[in-house]
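Colleague: Residue numbers (the UniProt record's numbering), protein chains in the order written: chain A, 1 to 219; chain B, 1 to 306; chain C, 1 to 67.
Don't take each hint at face value.
Cβ-Cβ distance ranges computed for the label pairs, FRET-style [to be verified]: (1) A:Ala-86 with B:Gly-215: 19 to 29 Å; (2) A:Leu-200 with B:Gln-136: 29 to 39 Å; (3) A:Glu-153 with B:Glu-158: 45 to 55 Å; (4) B:Gly-137 with C:Val-37: 48 to 58 Å; (5) C:Ser-16 with A:Ser-87: 35 to 45 Å.
With a cut-off of at most 27 Å between alpha-carbon atoms, the simulated BS3-like pairs for lysine-lysine come out as follows [claimed, not checked]: (6) A:Lys-112 with B:Lys-291; (7) C:Lys-39 with B:Lys-121; (8) B:Lys-262 with C:Lys-39; (9) C:Lys-51 with A:Lys-95; (10) C:Lys-13 with B:Lys-267; (11) C:Lys-51 with B:Lys-74; (12) B:Lys-263 with C:Lys-13; (13) A:Lys-53 with B:Lys-291; (14) B:Lys-262 with C:Lys-48; (15) C:Lys-54 with B:Lys-263; (16) B:Lys-291 with A:Lys-116; (17) A:Lys-99 with B:Lys-267; (18) B:Lys-263 with C:Lys-39; (19) B:Lys-284 with B:Lys-294; (20) B:Lys-141 with A:Lys-95.
If you are wondering where the hints come from, they were derived from the structure by calculation, not from laboratory data.
Just so you know, even glycine gets a beta-carbon here, dropped at the ideal spot from N, CA and C.
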Amino acid sequence: MLSRLSLRSGRSLGLATTVARSFSSSAHTLKSTYDSPDFTKYLNKSKGANPDKTRDYTYLMVGAYGLVSAAAAKSTVDAFLSTMSASNDVLAMAKVEIKLGSIPLGKNVVVKWQGKPVFIRHRTTDEIAEANDVDISTLRDPQKDSDRVIRPEWLIMMGICTHLGCVPIGEAGDFGGWFCPCHGSHYDISGRIRKGPAPLNLEVPHYEFVDEAESVMIG
Amino acid sequence: MFSRFGSAFKNSARSFSTSAKAEISSNTKRVINGAVGVAGLTAAFVLYEDSQTAKAMTAAEHGLHAPEYDWPHKGMFDSYDHASIRRGFQVYREVCSACHSLDRIAWRNLVGVSHTNAEAKAMAEEYEYDDEPDDQGNPRKRPGKLTDYIPGPYANEEAARAANGGALPPDLSLVVKARHGGCDYIFALLTGYPDDPPAGVVLAPGSNYNPYFPGGSIAMARTLFDDIVEYEDGTPASSSQMAKDVVTFLDWCSEPELDDRKKLGAKAIIILTSLYLMAVWTKKFKWAPIKHRKIVFNPPKPPKKN
Amino acid sequence: MSFYHTVFNTVFKRNSVFLTTIFAGAFVFQAVFDEGVNKWWEARNKGKLWKDVKLTIPGAGEEEDDE
């Protein structure tokens, strides 16, 4: 179709006035007195008529049409899908900022984040050393203490026993960490499971320190 | 080209109506024409009669129509003046918030619009909010956070009415959308208090005269006087400047999405216009061979008679 | 081989290449277009936007204020 168009455009040059009747080669039609519509508006009027250029231009236009349509369709789909994500007020509530200055050394604090308890412990150097002393190959859920904290003096983790979801008690148990009263799971000073039915270490949420570790943003 | 097609269409239409004419009797046609005529005349008469009486209220009843102001965010592609929003919040905080609440705006909404994170946090911490009860179940208080909503001046509607002689100061979160005339009306109202009510106007005790308020008698007194606030950016705090700023702030409260909406609108206009033009081009291109096509009928020549 | 012929042979000749180019181009176009409209918007509303106002506030330099 494309090549036919450019061929025709070449042939019709200079025939603009009689062009309506020049399409048929039949001498009979040329002589005919029937009315025929004027198609000059549809003719390719490019001068010089480089067929390659014409063909490229055609493909370019159709391609650009598809390109802009694709971009518009993508934006539309994006807009509808984004209505499914959480709204700003929910997202704002999903984070909690806790000032750390009020937590003395060697003390536990329980804060609520998204309705769940989060344990924050300001650990002493002895406790940090104790947590690092453990041979992790003997653990049920082997994890280095350095993988569970960002700053070693601040241990931040979810206060939910990984066994059946009770809230463990702080500064209790055989390993100086946490003890779950429901089924007797013992956690050490890094919140790792040491004894009892729980399968995993206490979960560490995503958090980051802000204002030079003056406070912590959980979430 | 279209004219040719048009004339062809007209021809066929003519021939169609000619055949249809035969089917509708001239009596039926007369009845239809008569019904159309009667209906038209009746409608014209009713409209004319209606136009003879003005049913509009007087200016005193519906309030003076507010003049149209040239807001910085009025144009199709104009954003809010965020410096004005910031000043307007100051006016709200120092003047309006004595009586009016702003229930739907949280401190976090101000961040990135008129205040920095630290400023909004500091303002929120000046207020106390209910915290979760302690281990013994006693209620506790905590300083405000960014996620808290701006507290209102009164605990509930009854307290607000009791403090304002029975009138309830409306919540301002959506007030620009909720009032006919929007920004223009509120600006006119705030700046439109005359020194004395016109002669003959009798006001109930505790109410004030404002020609822009429907009925003219409003419980709110004039509040914006020159220099009652001191702007941190040095803008002279004339009463009209404060009114402009606070109305801009309230408009933002009603329509915080305005900036994004206008930007998206500009994008949509550009994209849809180009899509339309390219669609026209592509249609012409795809139809060209079909439009060119011509069917020629060469009748066979009758056999020559010898 | 003319320029137009080369273009045809590299991009348009195979439909798979043509379509891939269109969809890849859509992503590029969207990024460029968004950036362009943003630039225009910020130039048009210069001085009114928060990022301009922020500069006038003392002590609010490079602070993050997302949300």
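Colleague: Determine for every hint whether it applies to the structure shown.
Modeller: Tested hints:
The hinted window of 19 to 29 Å between Ala-86 of chain A and Gly-215 of chain B is violated, with their beta carbons roughly 45 Å apart. The hinted range of 29 to 39 Å is satisfied by Leu-200 of chain A and Gln-136 of chain B, whose Cβ atoms lie roughly 34 Å apart. Evaluation of the 45 to 55 Å hint for Glu-153 of chain A and Glu-158 of chain B yields a pass: the beta carbon distance comes to about 52 Å. Look at Gly-137 of chain B against Val-37 of chain C: about 56 Å separates their beta carbons, and that is inside 48 to 58 Å.
For the hinted restraint 35 to 45 Å between Ser-16 of chain C and Ser-87 of chain A, the CB-CB distance of approximately 41 Å keeps it satisfied. Annotation: proposed proximity of Lys-112 of chain A to Lys-291 of chain B is violated, straight-line Cα distance about 73 Å (limit 27 Å). With a C-alpha separation of about 31 Å, the suggested pair Lys-39 of chain C and Lys-121 of chain B falls outside the 27 Å cut-off, and the hint is violated. Pair hint Lys-262 of chain B plus Lys-39 of chain C holds up; C-alpha atoms about 14 Å apart against a cutoff of 27 Å.
Using a Cα cut-off of 27 Å, the hinted pair Lys-51 of chain C and Lys-95 of chain A holds, with the two alpha carbons roughly 25 Å apart. With a C-alpha separation of about 32 Å, the suggested pairing of Lys-13 of chain C with Lys-267 of chain B is violated against the 27 Å cut-off. Of the supplied pair hints, the one linking Lys-51 of chain C and Lys-74 of chain B holds, its CA atoms being roughly 20 Å apart against a limit of 27 Å. Pair hint Lys-263 of chain B plus Lys-13 of chain C does not hold up; C-alpha atoms about 38 Å apart against a cutoff of 27 Å.
A threshold of 27 Å between alpha carbons decides the hint, and for Lys-53 of chain A with Lys-291 of chain B the separation of about 23 Å falls inside it, so the pair holds. Proposed proximity of Lys-262 of chain B and Lys-48 of chain C is supported: the alpha carbons are some 14 Å apart, at most 27 Å. Distance restraint check for Lys-54 of chain C and Lys-263 of chain B: the Cα-Cα separation of roughly 20 Å lies within the 27 Å cut-off, and the hinted pair is therefore satisfied. Straight-line distance between C-alpha atoms of Lys-291 of chain B and Lys-116 of chain A comes to about 71 Å, which puts the hinted pair past the 27 Å bound.
Restraint check: the Cα-Cα separation between Lys-99 of chain A and Lys-267 of chain B comes to about 44 Å, which exceeds 27 Å; the hinted pair is violated. A hinted pair counts as satisfied when its Cα atoms are at most 27 Å apart, and Lys-263 of chain B with Lys-39 of chain C qualifies at roughly 11 Å. At most 27 Å may separate the alpha-carbon atoms for a hinted pair to count; Lys-284 of chain B and Lys-294 of chain B meet this at roughly 17 Å. The hinted pair formed by Lys-141 of chain B and Lys-95 of chain A meets the criterion: a straight-line CA distance of about 20 Å does not exceed 27 Å.
Hints 1, 6, 7, 10, 12, 16 and 17, counting from the list given before, are not met by this structure.
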